[in-house]
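S.K.: Read off the chains here:
There are 2 protein chains.
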Amino acid sequence: MNGAESLIRAALAAGIDVCFANPGTTEMPLVAALDAVPGMRAVLGLFEGVCSGAADGYARMRGTPAMTLLHLGPGLANGLANLHNARRAHAPLVNVVGDHATWHRAVDAPLTSDIVSLATPMSDWVRTSRSAATVAGDMADAIAAALSPPGGVATLIVPADCQWDPVGDTATPVRSPAARGRSDGSTIERVARLLRDTVDVTMLLGGHGLDRAGLTAAARIAAASGCKLFSETFPARIERGAGIAAPVRLPYFPEQALQALTGARTLLLAGATAPVAFFGYPGMPSSLVPEGCHIEVLAGPEADVTAALEAVADALGAAPAPREAPRPLPARPSGKLDPASLGAALAALQPEGAIVVDESATSGGPYLAMAPAAPPHSCLALTGGAIGQGLPTATGAAIACPDRRVVALQADGSAMYTLQALWTQARESLNVTTLICANRLYRILQIEAKRAGVGTPGPQARGLTVLSPPPIGWVDLARGLGVPGVRVETADDLVSQLERALATPGPNLIEVVL
Amino acid sequence: MNGAESLIRAALAAGIDVCFANPGTTEMPLVAALDAVPGMRAVLGLFEGVCSGAADGYARMRGTPAMTLLHLGPGLANGLANLHNARRAHAPLVNVVGDHATWHRAVDAPLTSDIVSLATPMSDWVRTSRSAATVAGDMADAIAAALSPPGGVATLIVPADCQWDPVGDTATPVRSPAARGRSDGSTIERVARLLRDTVDVTMLLGGHGLDRAGLTAAARIAAASGCKLFSETFPARIERGAGIAAPVRLPYFPEQALQALTGARTLLLAGATAPVAFFGYPGMPSSLVPEGCHIEVLAGPEADVTAALEAVADALGAAPAPREAPRPLPARPSGKLDPASLGAALAALQPEGAIVVDESATSGGPYLAMAPAAPPHSCLALTGGAIGQGLPTATGAAIACPDRRVVALQADGSAMYTLQALWTQARESLNVTTLICANRLYRILQIEAKRAGVGTPGPQARGLTVLSPPPIGWVDLARGLGVPGVRVETADDLVSQLERALATPGPNLIEVVL
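In order, the protein sequences belong to chains C and Y.
Each residue of the first sequence is one higher than the last, beginning at 1 in this note's numbering.
Each residue of the second sequence is one higher than the last, beginning at 1001 in this note's numbering.
These are computed hints drawn from the structure, not numbers from a lab.
Each residue gets a CB set at the ideal place from its N, CA and C atoms; glycine is no exception.
Don't take every hint at face value.
Rough simulated footprint, nothing fancy, chain C against chain Y, three-plus residues with beta-carbon under 8 Å [to be verified]:
| hint | stretch |
| --- | --- |
| 1 | 1007 to 1017 |
| 2 | 1038 to 1047 |
| 3 | 1066 to 1079 |
| 4 | 1435 to 1449 |
The following label-pair restraints were derived from C-beta to C-beta distances [to be verified]:
| hint | chain 1 | residue 1 | chain 2 | residue 2 | range |
| --- | --- | --- | --- | --- | --- |
| 5 | Y | Arg1041 | C | Gly365 | 51 to 61 Å |
| 6 | C | Gly365 | Y | Ser1334 | 57 to 67 Å |
| 7 | Y | Gly1181 | C | Lys450 | 47 to 57 Å |
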């Protein structure tokens, strides 16, 4: 056995059996180990951001990590944007990065770089293996770190000689991650009293508070106490649809978020952190907590939010699982194609158990408003704001849940950053339907330019926010990557093509011209 | 005037008039400044690696920097791989990265990250502006740092409030970069004596030693002294073709490089550093300097190599500009399409003054051997080993030299990392012909796996090195990005299509099925 084989064994022993890989020369012993040690499924991405985003999507759906395999500093660098999103999602993920042999680093070969400096900003845990003998233990530590609440990105750098050097047949180490903390009885008591005795309490749900059990408990609390329910703006994962409590999504722009929270005298945090503005604007505060509003923490992202919510509901004597009022499914739209008809079509047609990966940016608002009426489904959002997350995350979610249809609701500008993911969907025959919201603009930047006081954008500002000419031909791009696609220009066409696409195994793409 | 406008003015005052941009919300004041302050050409890339690679190609051809404009940590991260190549090329480049307003960083908004930690490994100079008042001076310092020998990557991080805050109408600062060092008289004397008195001297040329004047002086020295001439394996830029001295390219694999240098008793460095293996292999040394070989430095990459070479040639009393023996142009190939016929077709057809961007990996060897017979041209190589350099660098070279035809000789696997560059070529109507070497393999990894002792690759190793199924349809991908393309499967078709493509204005692509 060599160091590389000991690493793969440690991964398998901890239950990691999917590796999203884009390896190079310094990872060859690990590639060989994937054959020498049976049990790991290697999935090739043609760009590292596909691998890191797929590992994020996989983790959000499974709750357990996949590993990546990346090539030195530049390979890691290409994966960092989606690692940033994964870290903000608290998605457990083990990032394995090769490096030059330890004795080769000193000569500063062309591919040498400071990998630790690159990894640290987007990782919760970083280590470089020192010898083949430590590799298995390092990997076990990395996995435990990734799984420790609230979940995070662990990056293990493994020099090539630590991969190829022999280690003998030692036992495979397994480490237990820390457990999720439980909110203590006094916190439960205090929050229950607060809810009983106070009006104008607003609860902000995040993290696992947005899973089905968390939402049910939150709905019981709201029914018993009258508190308002909000969700984070960009949840890592939220369960939605008919019969599931639907908290109000905290708006994106700070003035709208502050408006939404107006009147809250207590903001109760359940799996969420105190809300802050996505960007700073002149004259606007960074904090979205209204002045004079008191913050009460029921459970942080690292705690067992669901248990805390259930304990509070019980303490309030709340009735079990209030029945959600039925919401009418939108009619299948006809006529003009716009964000509203796009949203109606998807909400009306998406199958039960769909996984909707939402990187729709400015085109998705109407869909998000209608989605609570759709059949029960999971929705994964762009947690960290690093665009190019949607197609890779959809890819990983489809690997994690082969029996569920994945729908990527995807802005066109953002899709361009990691379009290579479509190729992996084709190679692996994944059940992913991609809806490209083709407005051919960086629309959000046009809005932001207006907010920044640019009245009429000049030719340079216009050139940097308009994606045509040339128009991006998404059907051609998809075909080039092995995915069948169609372009639709009316709502009627969208309905018929979407219905067909959702019922067709394997990946497909619809360019929705908005 | 605000900080953003003062930055653009400082750039223009130093001669920077091209900005390769992929901005976001935190860069909006800089985008507005591109209209408010006339003179800067903004070129949109749909992925940040396109911007950084284009700035690299621009700098290699112009010798002066372009600027980039990137969006916070994740945007910078997407540009790092090509910044790594630019740094290894000593290409002067000013990287401008926006950040949250200074007062917004503390709240750890979703897009917050440690930008300095990300930037440092791939930059020669990093600074974060502290207020709008310092921005213009910071930019002037960044430009001077980028231009100081040997040339490098300067990264300036500009928080949003430092962009939008007013600065008044202050004078625009300009800083002088350091001058290239001159080798002193005693070094020239010592090297001349060495060349006169010693046999078995091998000169390794790099950096500006590979420009036309440097190569001419080196050829004079070789003719007068009998020394051998080698070039770096991956030059940032080398002039090649009929009438130009053609040093031997130092081979890529270490055993071949050591073999090539066997018998050298002195290795004379002219613009190059002492050669090291690209990767470390078990049982192979990191250094490629043969045992017992003495190293003599005529001029480092930061020095005026050409002046040093000319001084040595004069000290030797070498005759001016030896006539290069004419090399027969390869015949236009016919029949089977393979790396040899591809190389012959390109060498036979490329026009005088072409710029060949070489990211051909395993498919380009025959071309590189034949290129000295082609009409005079410039060749830009993959300096840092971070693949995905070719298409962006070709884009930037075409912006720098609109009157020259750019040819991207491009491996298919590597092209996938930054294919978005084709869109920028289409939008800007750039004269770039891309030849995709479509072997549908990560062929280099198959070679490396064999070198690593993997006899017959197992299914996992095979799956990670074979790019089909599905085959990547490059003609479809190009069409989707606005670039006309054709697929060729015989040498005859390649010849006729390449001849046509090279004579057609604007970008085009040929998928060469190998």
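S.K.: Now tell me if each hint is right for this structure.
M.R.: Verification of the hints:
Counting residues of the stretch 1007 to 1017 of chain Y whose C-beta lies closer than 8 Å to any C-beta of chain C gives 0; at least three are required, and the coverage claim is violated. Only when three residues or more bring their CB closer than 8 Å to a CB of chain C does the claim for the stretch 1038 to 1047 of chain Y stand; here the count is 5, and the claim holds. Against chain C, the stretch 1066 to 1079 of chain Y contributes 5 residues with a C-beta closer than 8 Å to a partner C-beta. That satisfies the three-residue criterion, and the hint holds. Check result for the stretch 1435 to 1449 of chain Y against chain C: holds, 4 residues qualifying (beta carbon to beta carbon below 8 Å, three or more required).
At roughly 35 Å, the beta-carbon separation of Arg1041/Y and Gly365/C lies outside the given 51 to 61 Å, and the hint is violated. Taking the beta carbon of each, Gly365/C and Ser1334/Y are about 59 Å apart, inside 57 to 67 Å as hinted. Hint check: Gly1181/Y to Lys450/C, Cβ distance near 51 Å, so the stated range 47 to 57 Å holds.
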